[in-house]
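**Q** Chain A is fixed; fit chain B onto it per the hints.
2 protein chains.
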Amino acid sequence: MEKRKIGVGFLGLGTVGSGVLEILQMNREQVTRRAGAEIEVRKILVRDPHKKRAVNVNNDLYTSDADEVLDHPEIDVVVEVMGGVDEAKKYVKKALQNKKYVITANKDLMATSGAELMLLAGEYERNIYYEASVGGGIPLIRPLKHSLSGNRISRIIGIINGTTNYILSKMSLENMDFETALAEAQEKGFAEQDPSNDLEGKDAGYKLCILAGLAFNSRVNYEDLYVDGINGIDKRDIAYARELGFTLKLLAIGEEIDGALAPRVHPALVPSTHPLAGVLFENNALYVTGNAVGEVMFFGPGAGALPTGSSIVADLLDVAHEMRCQEEGSVMELHFQDKTIISMDKLHSAFFLRLQAKDQPGVFASLATTFGNENVSLDMIIQKSSTEGQAEIVLVTHEVEEKNFNRAVDKIRDFSYVRRINSIFRVIKT
Amino acid sequence: MEKRKIGVGFLGLGTVGSGVLEILQMNREQVTRRAGAEIEVRKILVRDPHKKRAVNVNNDLYTSDADEVLDHPEIDVVVEVMGGVDEAKKYVKKALQNKKYVITANKDLMATSGAELMLLAGEYERNIYYEASVGGGIPLIRPLKHSLSGNRISRIIGIINGTTNYILSKMSLENMDFETALAEAQEKGFAEQDPSNDLEGKDAGYKLCILAGLAFNSRVNYEDLYVDGINGIDKRDIAYARELGFTLKLLAIGEEIDGALAPRVHPALVPSTHPLAGVLFENNALYVTGNAVGEVMFFGPGAGALPTGSSIVADLLDVAHEMRCQEEGSVMELHFQDKTIISMDKLHSAFFLRLQAKDQPGVFASLATTFGNENVSLDMIIQKSSTEGQAEIVLVTHEVEEKNFNRAVDKIRDFSYVRRINSIFRVIKT
Chain A
1 MEKRKIGVGF LGLGTVGSGV LEILQMNREQ VTRRAGAEIE VRKILVRDPH KKRAVNVNND
61 LYTSDADEVL DHPEIDVVVE VMGGVDEAKK YVKKALQNKK YVITANKDLM ATSGAELMLL
121 AGEYERNIYY EASVGGGIPL IRPLKHSLSG NRISRIIGII NGTTNYILSK MSLENMDFET
181 ALAEAQEKGF AEQDPSNDLE GKDAGYKLCI LAGLAFNSRV NYEDLYVDGI NGIDKRDIAY
241 ARELGFTLKL LAIGEEIDGA LAPRVHPALV PSTHPLAGVL FENNALYVTG NAVGEVMFFG
301 PGAGALPTGS SIVADLLDVA HEMRCQEEGS VMELHFQDKT IISMDKLHSA FFLRLQAKDQ
361 PGVFASLATT FGNENVSLDM IIQKSSTEGQ AEIVLVTHEV EEKNFNRAVD KIRDFSYVRR
421 INSIFRVIKT
Chain B
1 MEKRKIGVGF LGLGTVGSGV LEILQMNREQ VTRRAGAEIE VRKILVRDPH KKRAVNVNND
61 LYTSDADEVL DHPEIDVVVE VMGGVDEAKK YVKKALQNKK YVITANKDLM ATSGAELMLL
121 AGEYERNIYY EASVGGGIPL IRPLKHSLSG NRISRIIGII NGTTNYILSK MSLENMDFET
181 ALAEAQEKGF AEQDPSNDLE GKDAGYKLCI LAGLAFNSRV NYEDLYVDGI NGIDKRDIAY
241 ARELGFTLKL LAIGEEIDGA LAPRVHPALV PSTHPLAGVL FENNALYVTG NAVGEVMFFG
301 PGAGALPTGS SIVADLLDVA HEMRCQEEGS VMELHFQDKT IISMDKLHSA FFLRLQAKDQ
361 PGVFASLATT FGNENVSLDM IIQKSSTEGQ AEIVLVTHEV EEKNFNRAVD KIRDFSYVRR
421 INSIFRVIKT
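If you read the protein sequences in the order shown, they are chains A and B. Read left to right, the first sequence gives residues 1 to 430 (our numbering). Read left to right, the second sequence gives residues 1 to 430 (our numbering).
No wet-lab data here; the hints were simulated from the structure. All values derive from a computational prediction rather than experimental measurement. Hints are not guaranteed to be accurate.
[Unchecked claim] Part of the chain A face toward chain B, derived, beta carbon under 7 Å:
no.: 1; residue: Met297
no.: 2; residue: Gly300
no.: 3; residue: Gly309
[Claimed, not checked] From chain A, some residues computed to sit far from chain B (all C-beta separations above 10 Å):
no.: 4; residue: Asp108
no.: 5; residue: Glu192
no.: 6; residue: Lys358
no.: 7; residue: Gln360
no.: 8; residue: Gly389
no.: 9; residue: Lys411
[Said to hold, decoys possible] Below, computed lysine-lysine pairings styled on DSSO-like, alpha-carbon distance capped at 27 Å:
no.: 10; chain 1: B; residue 1: Lys145; chain 2: A; residue 2: Lys145
no.: 11; chain 1: B; residue 1: Lys145; chain 2: A; residue 2: Lys5
no.: 12; chain 1: A; residue 1: Lys188; chain 2: B; residue 2: Lys429
no.: 13; chain 1: A; residue 1: Lys429; chain 2: B; residue 2: Lys188
no.: 14; chain 1: A; residue 1: Lys145; chain 2: B; residue 2: Lys5
Yeah, the Cβ is synthetic: ideal placement off N, Cα and C, and Gly gets one too.
Just chain A, same shape as in the assembly (with noise of 0.2 Å):
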């Protein structure tokens, strides 16, 4: 057999593009076979192709010219590690248009553009491949469109930023307040110096989109999605859900109901014994429910230049399969259909709520009374030791419609009693 050769061209050698030639040389030979080709690196966008990198490549490769890469007839695949949305969009576009394959580790391309750009690559015959935009190294793109694909998937629950997870399980473990655990995560580089994007669940949210997107076979956008994060989050809740049997988590949940969508960002608990409650640190899951598999997660580094390299050579290999094939116009996402978003009031939760309240005879009662009326049944309730005439309630709800629980908390806020209301969060039971 003639050996043949895949040609592949970079736009951008950050950390993930220096972490994908680095797997391509380290694991070569095996790479290699698994390709039943070469694939040989054949031209690098980079800004400053004068500096000194510490991958070892050719000078020559090196341009700051992006048609070089996009119009080079022996670049096969071209693989996005830039970033950014405009520029690198406007590459992709190009790239397809040219009838190369893409592969791109890009977030927010995808949660912005990522229909768009599979229309195109349907039109043009070639494919967009994207494992590497979320969930680092862990295969969730993959398992989803494949392994997945006789099931219909009726919601999704990811823990898909390092960041947050990294600083909640500092407080759960350790006892670490927020500040400290927030302090710690960056000077270990889990946390960037403005962390604002993490712990505010945008980074979650555009995770979500992309993820919602394939596994409800529509298209999510940021708009639509509910987003609330972690920033200044209080340990004392963590310890109370500890206490009852859960663990603190950012949570982006995808769920599919009557054919409209629900698709949140917000922090939430889950029982301690729940898989996703083990997912600790700098590390990321994606918890799958299908009406045939029944639920099954995929966990894993949600970053990192080798794991994230990782996610696209497997992509290239499957562009090597692909184009062995010679199989057209294969885009699975093309199918999508747009469904309706429903509002968060009308889903139901459970609810994990923490007051101050005067320490006096019927505060049970008269909470127990409001919730009751407002048919919001409680599933636990804990009272602390009071000091100085106040104590701190602690309960958790059985599931109810969010508005009721709303509804009910506004009333209790306007009790003369109620001193505060210190935290409330969503529960995931099962």
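**A** Coordinates of chain B only, in the frame set by chain A:
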């Protein structure tokens, strides 16, 4: 585009086969769209064609003559869900020779004859799919073949037997003793009336042969394995382990060390914060270490009609894709190498040991000295309050060569102050 059809024949129609039919019916529209073709069941081999069945199938499809499936000109794919080795193997070989694709859920068949059948498939330019043969509904085979194909895998650790995991979970979470947990598992259908294949680690061993063969690109025979089960395990050990921060699991481990393999099945402790510790009850999981991705885990239901059916339907969709590509000879597993097997006493492990000793001065020092002389260093040690002059001592070592630990234990066993060595388990610390 003309409506294509894919003809399917079944060998057997027990729990799993019925699960496949149920999924094909309930998700028909989606499966057809993703296959790009109608999946049409054309013949089903059963022992008794006249038996009344729960599934909704045209009676004409049943046959008791295997050749009506294997020689059927319009059957492209044979789904083998009959179980057993000899007859199943004969039929699968004939199916491949008749140039049909084969999907099997048969763990025993794949563990004993997988390599031979895949060679045959390559010869006839077909392929054999076996996602359902291990881990029920959890995607394991496909991620190892595709998502992680850019990695060199150094270790896999599986919880791949639901019966034993159910028993150990009950013992750990509810402080149940072995016999009670086993009886409950039998009552709930998670253990068979004769549970010895599960309890002795044989079932996990067969599955490990399949997974290790694929992960390490080699052939692993059951006879190569070290296999130790959990029969009669003592709940005291589980309690002590928890006190030390560990959880007891029956693990199926495959490891490649300097080009040689160390495949084994035995109970072992894992840190209670380890993702494998959170795999509870009848669930299964595979924890994989690759040189690019780091560590990933796949979790889900390890058995059941619909979960296992979900894996078979995913294989059917792969066949559909393969047929559309009309690609030939893509059996990746053909490129395997035979690798040396490493004997257990050359492996490095940490150990948990519980013993009863006379409560007298110098016991700790004597133990520590004996271990030290064999280069076994201790990590943790606890002594429980003595009764009637007898003390219970539990210790955990650092990672040591197995033969050194065994030599130390042989000496300790002979000391006059040692009443009894109750239990020894390996500890997986990372």
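**Q** Take the hints in turn and mark each one as holding or not.
**A** These are the hints, each one checked on the structure:
1. A distance limit of 7 Å between C-beta atoms decides the matter here; for A:Met297 the minimum to chain B is near 4 Å, and the interface restraint holds.
2. Among the interface hints, the one on A:Gly300 holds; its C-beta lies about 3 Å from the nearest C-beta in chain B, closer than the 7 Å criterion.
3. Interface hint at A:Gly309: satisfied, since its Cβ lies 6 Å from the closest Cβ of chain B, which is below the 7 Å cut-off.
4. Interface exclusion of A:Asp108 from chain B stands, the closest Cβ pair being 23 Å apart, more than 10 Å.
5. A cut-off of 10 Å between C-beta atoms confirms that A:Glu192 is not in contact with chain B; the least separation is 21 Å.
6. Against the 10 Å criterion, A:Lys358 stays outside the reach of chain B, whose nearest CB is about 39 Å from its own CB.
7. With a minimum CB-CB distance of about 39 Å to chain B, A:Gln360 clears the 10 Å threshold, and the non-interface call stands.
8. No Cβ of chain B approaches the Cβ of A:Gly389 within 10 Å, the least distance being about 40 Å, so the stated non-interface status holds.
9. Listed as a non-interface residue, A:Lys411 keeps its Cβ farther than 10 Å from every Cβ of chain B; the least gap is roughly 39 Å.
10. With a C-alpha separation of about 15 Å, the suggested pair B:Lys145 and A:Lys145 falls inside the 27 Å cut-off, and the hint holds.
11. Distance check on the hinted pair: B:Lys145 and A:Lys5 sit about 21 Å apart at the alpha-carbon level, within 27 Å; holds.
12. Our distance criterion of 27 Å between C-alpha atoms is met by A:Lys188 and B:Lys429, whose separation comes to about 22 Å.
13. For the given pair, A:Lys429 sits about 23 Å from B:Lys188 by alpha-carbon distance, which is consistent with the 27 Å threshold.
14. Only pairs whose Cα atoms come within 27 Å are accepted, and A:Lys145 paired with B:Lys5 is accepted, the gap being roughly 21 Å.
Consistency note: the structure conflicts with none of the earlier hints.
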